[in-house]
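J.: Sequence:
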Amino acid sequence: MPTCRVGEVITIRSMSSEAERDNSETSNTKAALPLWVTVMPRWVWRAVAIFWVGYLVTISTRFMFDRLTGMLLLLLVSLFLALAIEPGVNRLAARRWRRGSATAIILLAVFLFTVIFVVAIASLVGGQIADILNDSPKTITKVVGFINRHFNTDINPQKVIDSTQDPNGAFQRFIKSQQAKAFDVSVAALGVLLQLFSVLLFTFYLVADGPRMRRSICSRMRPERQQRVLYVWELAITKTGGYLYSRALLASFSAFFHWVLFQSLGTRAPIAIALWVGLISQFLPVVGTYIAGALPVLLALVDSPGKALVMLVFVVLYQQLENYLFLPRITARTMELHPAWAFGAALAGGAVLGPVGAILALPAA
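All the letters of the sequence shown, read from the start, carry residue numbers 305 to 669 under our numbering.
There may be inaccurate statements among the hints.
[Unchecked claim] Cross-link-like lysine-lysine pairs, in silico, DSBU-like; alpha carbons within 35 angstroms at most:
id, residue 1, residue 2
1, Lys-463, Lys-543
2, Lys-446, Lys-480
3, Lys-463, Lys-485
4, Lys-463, Lys-480
5, Lys-446, Lys-463
6, Lys-442, Lys-611
7, Lys-611, Lys-480
8, Lys-485, Lys-442
9, Lys-442, Lys-463
10, Lys-485, Lys-543
11, Lys-611, Lys-463
12, Lys-480, Lys-442
13, Lys-611, Lys-446
Hints were generated in silico from the structure; no laboratory data involved.
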């Protein structure tokens with residue numbers, strides 16, 4: 305038979321007596337209450353408190369995320385740009401340049417190119433719109449005549465001119481509504497400029513202090529984790545650099561061939577339009593080709609519908625040439641990314657972060 309010591313017997317008896325005392329107190333409490341009253345368990349109050357604390361934390365987190373979404377997006381763009389220009393900064397630093405000076409020079413070049421490109425395109429489009437408005441009867445007569453000759457229609461150009469010059473007509477109402485939005489467009493342009501400066505500032509600190517920042521982060525990790533972090537960082541630089549290199553090379557080819565076409569057709573500002581087609585078609589996935597080709601076609605439509613048709617055919621043919629000849633050879637050396645995967649990544653990035661997400665999704669894929 306199992307034996308037990310005296311101390312164990314006393315402990316067991318004391319525990320049983322405490323349990324009997326609790327049961328007696330509970331029975332006395334229940335006996336003191338009416339039969340229709342039930343005692344609420346203690347865990348209910350704790351569950352209610354945890355629920356409300358979790359609810360308040362969730363609401364606060366969502367509120368802060370909504371307020372910080374813009375800044376987080378700027379940081380994401382800055383990180384992408386920092387990964388893209390770091391190889392160039394490293395090359396300049398290897399030639400005894402100070403890292404801050406090398407970063408500033410590259411960012412200044414990027415900023416100047418962006419400003420010159422935007423100003424050139426804006427002045428071109430603005431001048432073309434002004435010419436259309438100032439000489440609208442002649443333009444309408446030319447376009448309507450082209451449509452009547454080639455599509456066997458019988459449109460009266462004078463009726464179209466009268467409808468566009470009618471103060472109460474749809475065309476004049478549209479022009480007046482757009483004039484009222486000029487102030488809003490100016491404010492939006494100022495906001496975009498401030499965001500651009502913010503991106504450049506974040507990028508400068510990420511690149512100029514990149515090695516010191518990585519050392520500070522890795523110093524708090526174990527050696528094996530340090531190797532993983534550095535490997536991921538180098539991989540991100542390689543993929544981002546390969547993406548930008550391939551896109552820049554394809555943009556150069558596209559701009560050159562379209563410049564030859566625009567120059568031969570006598571298009572206004574052929575260099576600016578060629579740069580527009582090259583950059584927009586390569587750096588805006590999925591819809592970039594259509595947006596890039598729409599601008600020169602519309603601008604040429606004002607001067608000559610025949611030129612616009614030639615441009616449209618050339619844009620379609622060049623896109624096929626790029627897809628089947630240039631793109632496989634370039635991306636095979638820079639980015640090993642299947643077109644279906646690239647398309648899906650662009651759609652997913654665009655759904656999450658808009659156009660910026662569509663651009664950033666390809667190197668992340």
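J.: Among all the numbered hints in the text so far, which are the ones the structure does not match?
T.: Going through the list in order, the structure violates hints 1 and 10 and respects the others.
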